[in-house]
Amino acid sequence: MTSVEGSSRSARGLLSSVGASWMRAPYPALVVDALGSVVEINARAADLFPAAVPGTALAEVAPDWLVDGHRRAVRGGSGAVDTVRGRHGPWTLAAHATLGAGGEVVWWLVDETDRSLAEAALRTEQERTAFLADASSRLLASLNVERCMELAVELATAYLADAAVLVTPAAGKRHPLASCVGGAVVHRSVRLDPATVPGLAEALRGFPPVPSRWIDPAVLPEWAVPDGFAGPVGSVVVTPLPGHGVPAGALILLRRSDHAAFDASEEVFARVFAARAGAALSAARLYREQSGITAALMAELLPPSLRQVHGVEFAGGYRTSTDTERVGGDFYDVHPGAGPGDETLAVLGDVCGKGLEAAVLTGKIRSTLQALLPLADDHQHLLSLLNGALLSSRHTRFATLVLASVRRRSGATRLRLTSAGHPLPLIVRADGTVREAATSGTLIGALPEVRAHTAEVDLGPGETCLLFTDGVTEARGGPLGDAMFGDARLQAALAECAGMPAEAVVERIQMLVAAWIGDNRHDDIAVMAITTPRTTHLAAVDGRTPGRYTA
Amino acid sequence: MTDTTAVENDGAVLTHARAALWQAVCDRDEYAAGQAVFTALDAGAAVEDVLLDVVAGVQHKVGREWAADRFTVAQEHAATAIHDRVIAAMAHRAPPAPPREPAGTVTVACVDGEWHALPARLLAEVLRHRGHRVDFLGAQVPTPHLIAHLHRTAPDVVALSSSLPVRLPDAHSAITAVQALGIPVLVGGAAFGDDGRHARLLGADAWAPDARAAADLLARGLPRPVPGAIRQRVDDLPHLIDQEYSLVLRGKRQLVRDTLAGLEERLPAMRAYTEAQRERTAEDVAHIVDFLSCALYADDSRLFTGFLDWTGDILEARRVPARVLDPGLALLQDLLKDFPRSLDFLTRGRAVLAARTAPARVPEPGAPA
Amino acid sequence: MTTLPGDAFLLTSALDDDGDARIRITGDLDWDTADELTAAAETFLAADPPPRRLRLDCAGMTLCDSLGLAALLMIHRGAAGTGTRFHLDNRPAALQRLLDITGTAHLFTEP
Chain P
25 MTSVEGSSRS ARGLLSSVGA SWMRAPYPAL VVDALGSVVE INARAADLFP AAVPGTALAE
85 VAPDWLVDGH RRAVRGGSGA VDTVRGRHGP WTLAAHATLG AGGEVVWWLV DETDRSLAEA
145 ALRTEQERTA FLADASSRLL ASLNVERCME LAVELATAYL ADAAVLVTPA AGKRHPLASC
205 VGGAVVHRSV RLDPATVPGL AEALRGFPPV PSRWIDPAVL PEWAVPDGFA GPVGSVVVTP
265 LPGHGVPAGA LILLRRSDHA AFDASEEVFA RVFAARAGAA LSAARLYREQ SGITAALMAE
325 LLPPSLRQVH GVEFAGGYRT STDTERVGGD FYDVHPGAGP GDETLAVLGD VCGKGLEAAV
385 LTGKIRSTLQ ALLPLADDHQ HLLSLLNGAL LSSRHTRFAT LVLASVRRRS GATRLRLTSA
445 GHPLPLIVRA DGTVREAATS GTLIGALPEV RAHTAEVDLG PGETCLLFTD GVTEARGGPL
505 GDAMFGDARL QAALAECAGM PAEAVVERIQ MLVAAWIGDN RHDDIAVMAI TTPRTTHLAA
565 VDGRTPGRYT A
Chain H
581 MTDTTAVEND GAVLTHARAA LWQAVCDRDE YAAGQAVFTA LDAGAAVEDV LLDVVAGVQH
641 KVGREWAADR FTVAQEHAAT AIHDRVIAAM AHRAPPAPPR EPAGTVTVAC VDGEWHALPA
701 RLLAEVLRHR GHRVDFLGAQ VPTPHLIAHL HRTAPDVVAL SSSLPVRLPD AHSAITAVQA
761 LGIPVLVGGA AFGDDGRHAR LLGADAWAPD ARAAADLLAR GLPRPVPGAI RQRVDDLPHL
821 IDQEYSLVLR GKRQLVRDTL AGLEERLPAM RAYTEAQRER TAEDVAHIVD FLSCALYADD
881 SRLFTGFLDW TGDILEARRV PARVLDPGLA LLQDLLKDFP RSLDFLTRGR AVLAARTAPA
941 RVPEPGAPA
Chain S
-18 MTTLPGDAFL LTSALDDDGD ARIRITGDLD WDTADELTAA AETFLAADPP PRRLRLDCAG
42 MTLCDSLGLA ALLMIHRGAA GTGTRFHLDN RPAALQRLLD ITGTAHLFTE P
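Protein chains in written order, with our numbering: chain P, 25 to 575; chain H, 581 to 949; chain S, -18 to 92.
The reader is advised that the hints may include incorrect statements.
Quick look at which bits of chain S chain P covers, simulated, 3 or more residues with Cβ under 8 Å [claimed, not checked]:
{"hint": "1", "segment": "37 to 50"}
{"hint": "2", "segment": "78 to 84"}
One-sided and incomplete, this derived list gives chain H residues near chain P with beta-carbon spacing under 8 Å [unchecked claim]:
{"hint": "3", "residue": "His657"}
{"hint": "4", "residue": "Val806"}
{"hint": "5", "residue": "Val865"}
Note that these hints are calculated values from the structure, not bench results. For each residue, glycine too, the CB sits at the ideal point set by N, CA and C.
Just chain P, with the same shape it has in the complex (with noise of 0.2 Å):
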């Protein structure tokens, strides 16, 4: 120790003032005078800088940065400069200075490395963690296939790689793929064999669960580089999207040989990419499926769009409930005759129930109903056949249903009508007077016999018979909130219906249940009117004569 003491000179006064164990100091310390020589140097500053020793220039020794350092608290004098920093080599070092009487430096450093890397990477972390946050709110926003892999590779390319390729399993022979690079994305579907990209067919098989993996940009396929995209590759990593138990793809992300190479961290952050990626990817998938059998099912379930028949008119509206486990109670439908001097069928009934086995009871009536069909003649035979049909031991859950045989004559229009326990279909006269239809009858499925009684009815030109469901007069508002439609409403509304054409008076009372609800619930609503034409129609809206219209 003393010799270390007695190794020290001009510095004197300092030393005296930091005290003679600077030398053991755990820090490294050197000592540099006003003109910028190297006074003193403990043990661990000379580790830092081994070709400083007494009497060399501190620039010819030590990064600018704190030659710049020194220059400037010597000129300042004391409280000018208190800490610098700057790298070193490897190290990232801060420098802190103590000023002596005779214009000489003390400079404290510190290894601040480990502080600086651990602060680039929290940015870094940052960084990432707020382009996942913001990558699953833009993934998770759209349940549509192609646009979650549009925004897939678009995301990869903003934040992972120069390209991205989203491979998906294969539908049919072919894989969709998605592939973006400079902001364009284009939408492909290939033949192609994912044993040729290593890793690939692992991936796309979603099992074993695979790891991303780097490969060699040599062996990577025409299709799997996009268009576009500027140079050579330098780099390649696949990485699976996982999905909800079932494989939603692969990420193929590639660099450019000018760029760095993905690293670990990278690679890491790519998986938890790819992650989120693929759970939105499966949730649309998932989506796309329900919604297709869903529109499948509706598309069996909804009633037809209606039009003219024989000289007829028949237009129907229906509504769901807004409850939506509810939807599925309500149908109708027309069977047009073969020939002009056929008979039509138009069926609106109520099926008891709500949901799928509601909707399953719709399709078997709707089903038996067409199968009956050449029996239509007899109302009340048909009746008793459909219930024999529907009839369960299990349950007595029943349908109501209107039948309307319909046959234009020179006129006016026939209507056989029969009621199976249906609430009466209403008649609307040239004059606007409203009658309900004298028919009456017993619901179907629930008990062993069943009665019916059938009315007939003619209607002249601009009449309508209105077929409705009970959604119609139990629809519960008005201005005071709590009021039901019924049945006063709904003739003072058909009264103004007279002359109307059949779409109109549908359009019409569907305005007024509608404007009766406003924002409470109610349950499925079904109308049908079946009107005689005041006038010639358009027949191209048939589609016999495309392009023209026929008297």
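Following the hints, put chains H and S in place on chain P, whose structure we already have.
Just chains H and S now, with coordinates in the frame of chain P:
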């Protein structure tokens, strides 16, 4: 088309077709209606011009005639039905060219609660003829149904139509929900104001005053909004923070009841009303509250005063003085005395009624039938 | 403000001295409550010997929807199997109307 004679001829053809279609609609003669438009098409008129200058023109006139009490509700509905069939027949006769690549896919729909589907349908037909692939969802599309459709089809743009200002809150939900999917929204219809101010207020990506302007805008394309960006109502409409809108909306039933009770007290004649007359009166009061709450929503007094002015015209066309509306407004002022914005709108509304000199004016369509 | 009917559903069952089973219903007979009524009726019908008559007092019934009617038909079917007569007493107007429209009024004989 730059030839002046051709333009003049076109003009004459369209004028003639309009007159013929108007006559056919008055006669409720669908055959003659078809003849009117096909004659124009045979004479070389463009499909778009026939749709917008003939069919839409006549439909507009029908609305004016109804407002002036020269057309019944039945005639109005019958006219709409005839126009629907004419449009269908035109589409059948002149199928649009198959979509070319650059023209994007468009979903056209009416806002929930909007029954006037014809303007949206005309736009759909115009876009089809300009080469877009179009899904027309029709009148009254509940927002969840619209969103489900968009998830399935992912169109480039959604075009939303609304004629009723009381549907602005529904339009707002639809706009933000569609934009959150990353799909831009173009809006149109009387509800958004004659200068599109309510479209801007609700954050729509674009607004068009008519179908041609809408088609021109869509031809240029709209940028996609950032998907997943969830906007709250109050982000667009900071005035909603005072909760007046939601309180008036929630208290609507009670407001209507109390106003009705107050009217009976003040106007002895009302006590002799039949049940149906009472219900009409209740409906009128409910309408006033609806328009008051939509004015609160948009924070635009003109929505309320405009409605009262329009209703005044409708009443006077039916020989009812507009001042019958005043006692209801006065009662609402009493009931809403703790709501400064409502009070302001009601005061302005009463002033508008008081200033009316009751000339025989022909009102524009666009409010509830 | 307005409490919607159906908030309170209550079944009170009793067997009177002359062997008639009685159920009093209060509230809505619908999707949510129909099974409960069917179960209560089945308890009576499963007795040995079964009751001669099953009376449902409908005075407190605030609503009967199609599933409610299905439950009444199910009870009617069960009662027919055990030789029990099933009555609907004190029918509200809406219930009577539903029975008339559906052609089922004759099944639930008046006492």
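Right, here's what the structure says about each hint:
{"no.": "1", "hint": "37 to 50", "verdict": "holds (count 3)"}
{"no.": "2", "hint": "78 to 84", "verdict": "holds (count 3)"}
{"no.": "3", "hint": "His657", "verdict": "4 Å, holds"}
{"no.": "4", "hint": "Val806", "verdict": "7 Å, holds"}
{"no.": "5", "hint": "Val865", "verdict": "7 Å, holds"}
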